[in-house]
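Chemist: Sequence:
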Amino acid sequence: MGNCIQRAQDVGMNAIPVAAQPSFPRSENSECTSHPLPTPSKPLVPSNENDRTRVLPIPRPESEILSSPHLKSFTYTELSNATRNFRSDSLLGEGGFGDVYKGWLDEETLTAAKPGTGLVVAVKKLKPEGFQGHKEWLSEINYLGQLDHENLVKLIGFCLDGDNRLLVYEFLSKGSLENHLFSRSGRPLSWDIRIKVAIDSARGLSFLHESDPTIIFRDFKASNILLDSEFNAKLSDFGLVKAGPTGDMTHVTTRVFGTEGYAAPEYCATGRLTTKCDVYSFGIVLLELLTGRFAVDRSRPRPEQKLLDWVKPQLPDKRKLFRIMDSKLEGQYNRKGAYVAANLALQCAHIEPKYRPRMSEVVNILDKIPSMKHSPSRTYSDVGEDVADDASLWKHSHVRSYKQSKVTPVSSHQTEKLSNGAPPAARTMSSRSEGSAPSAWQTSRGVATRR
Numbered sequence: 001m002g003n004c005i006q007r008a009q010d011v012g013m014n015a016i017p018v019a020a021q022p023s024f025p026r027s028e029n030s031e032c033t034s035h036p037l038p039t040p041s042k043p044l045v046p047s048n049e050n051d052r053t054r055v056l057p058i059p060r061p062e063s064e065i066l067s068s069p070h071l072k073s074f075t076y077t078e079l080s081n082a083t084r085n086f087r088s089d090s091l092l093g094e095g096g097f098g099d100v101y102k103g104w105l106d107e108e109t110l111t112a113a114k115p116g117t118g119l120v121v122a123v124k125k126l127k128p129e130g131f132q133g134h135k136e137w138l139s140e141i142n143y144l145g146q147l148d149h150e151n152l153v154k155l156i157g158f159c160l161d162g163d164n165r166l167l168v169y170e171f172l173s174k175g176s177l178e179n180h181l182f183s184r185s186g187r188p189l190s191w192d193i194r195i196k197v198a199i200d201s202a203r204g205l206s207f208l209h210e211s212d213p214t215i216i217f218r219d220f221k222a223s224n225i226l227l228d229s230e231f232n233a234k235l236s237d238f239g240l241v242k243a244g245p246t247g248d249m250t251h252v253t254t255r256v257f258g259t260e261g262y263a264a265p266e267y268c269a270t271g272r273l274t275t276k277c278d279v280y281s282f283g284i285v286l287l288e289l290l291t292g293r294f295a296v297d298r299s300r301p302r303p304e305q306k307l308l309d310w311v312k313p314q315l316p317d318k319r320k321l322f323r324i325m326d327s328k329l330e331g332q333y334n335r336k337g338a339y340v341a342a343n344l345a346l347q348c349a350h351i352e353p354k355y356r357p358r359m360s361e362v363v364n365i366l367d368k369i370p371s372m373k374h375s376p377s378r379t380y381s382d383v384g385e386d387v388a389d390d391a392s393l394w395k396h397s398h399v400r401s402y403k404q405s406k407v408t409p410v411s412s413h414q415t416e417k418l419s420n421g422a423p424p425a426a427r428t429m430s431s432r433s434e435g436s437a438p439s440a441w442q443t444s445r446g447v448a449t450r451r
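So the sequence shown is numbered by full-length UniProt numbering: it starts at 1 and just counts up by one.
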């Protein structure tokens, strides 16, 4: 799950009753270390070297799994055969609660197939080391097994065989956004792909937030966004997903899990979780897409270590936009669109949750940003040309104080001027992938597409 932060509360070991699990609709288209967190009174994992061989008790989960006609129940032997006995050369990535292996299944019967043929899948094998790993395994089944959306990774099936717990996902050949965005080798992501990824992931979050009951992703970050061969983005890793508030409730209170730099400050401080926590995390990822920088990078000078704090003072002046943009773009981005996206990111990451937009609004704004195919290339020498030309795009009567900088709420109608009648880049592409898994899988979570 990455570098997680955790706020202590007693964790019950009782099984989660089926009746307590929500039902979900199916899509028609098919900073926070500043708040000290107490140490758990009951560790979820062994706390010292002498305890590492001790396996904590895990409740029997058969009655906890929601029935789904979309999931296949595999045997351990079937998945062992599909992954060539979990050989090291089939290993795609390693995580805190399990390792991910590449496997092959027959497209019709979903039985083990010869390597290189049939349906390519990613098989996550859970480590038998405690209750939290079991909870995440169960959460993946009960949420992904009920949800269907083009921007959510597809769960094909699961395995509960003795003490073995595994998950079988579709395989996404391009790996994680994190590996493409921050890799020092390989071709950098273009402006159009970055905006496409932002739109796809925003649509995934919007779908979750508008479900009934509301679903909060809780750990949105670049490593949990996976890409297929056409760079279509899908949200993955539903282990920390939480059902949102219902009825008259405004939030749910829970232990704090998340990743430094992405988790909303009010969530870290209080444990109160709302959909606006996901919106904050999205704002940080959008800044990463624009800047090519990590949310937190301790190797940089102190004023630049936290991405949000570094960006905020620079954005009020449009002429300084180029200073924050990823140098790997080499100036090839739509300047007006970049300014809209940057201000939208700051609005999403506003310190006050009530000023953050809904994800459906975020989708509408991003979807109107023109692609490079429909706008002239912009270079660093162009940055001052149209500062005055599009001043009317921003309604300063709605500007709110945001510590060192100002955040201008952006609405859908304000971005109409960006497109100039040109349609946005085509962002719905084939999900079929080809070829073997790239090195990106070594640090990403995996997931399966047909060959």
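By construction, these hints were calculated from the structure, which means they are not laboratory data.
The reader is advised that the hints may include incorrect statements.
Here are the simulated DSS-like cross-link-like pairs (lysine-lysine), alpha carbons at most 30 Å apart as the crow flies [what the hints assert, rightly or not]:
| # | residue 1 | residue 2 |
| --- | --- | --- |
| 1 | 306 | 354 |
| 2 | 328 | 242 |
| 3 | 320 | 368 |
| 4 | 312 | 354 |
| 5 | 242 | 127 |
| 6 | 306 | 328 |
| 7 | 328 | 354 |
| 8 | 320 | 354 |
| 9 | 135 | 242 |
| 10 | 368 | 354 |
| 11 | 114 | 127 |
| 12 | 320 | 242 |
| 13 | 114 | 242 |
| 14 | 368 | 306 |
| 15 | 114 | 72 |
| 16 | 72 | 127 |
| 17 | 312 | 328 |
| 18 | 72 | 320 |
| 19 | 242 | 306 |
| 20 | 320 | 306 |
Chemist: A separate judgement is required for each hint: does it hold in the structure or not?
Modeler: Verification of the hints:
| no. | hint | result |
| --- | --- | --- |
| 1 | 306 to 354 | holds (23 Å) |
| 2 | 328 to 242 | violated (36 Å) |
| 3 | 320 to 368 | holds (23 Å) |
| 4 | 312 to 354 | holds (19 Å) |
| 5 | 242 to 127 | holds (22 Å) |
| 6 | 306 to 328 | holds (20 Å) |
| 7 | 328 to 354 | violated (35 Å) |
| 8 | 320 to 354 | holds (28 Å) |
| 9 | 135 to 242 | holds (12 Å) |
| 10 | 368 to 354 | holds (24 Å) |
| 11 | 114 to 127 | holds (26 Å) |
| 12 | 320 to 242 | violated (39 Å) |
| 13 | 114 to 242 | violated (38 Å) |
| 14 | 368 to 306 | holds (29 Å) |
| 15 | 114 to 72 | holds (19 Å) |
| 16 | 72 to 127 | holds (21 Å) |
| 17 | 312 to 328 | holds (21 Å) |
| 18 | 72 to 320 | violated (53 Å) |
| 19 | 242 to 306 | holds (27 Å) |
| 20 | 320 to 306 | holds (18 Å) |
The structure is inconsistent with the numbered hints 2, 7, 12, 13, 18, although it conforms to all the rest.
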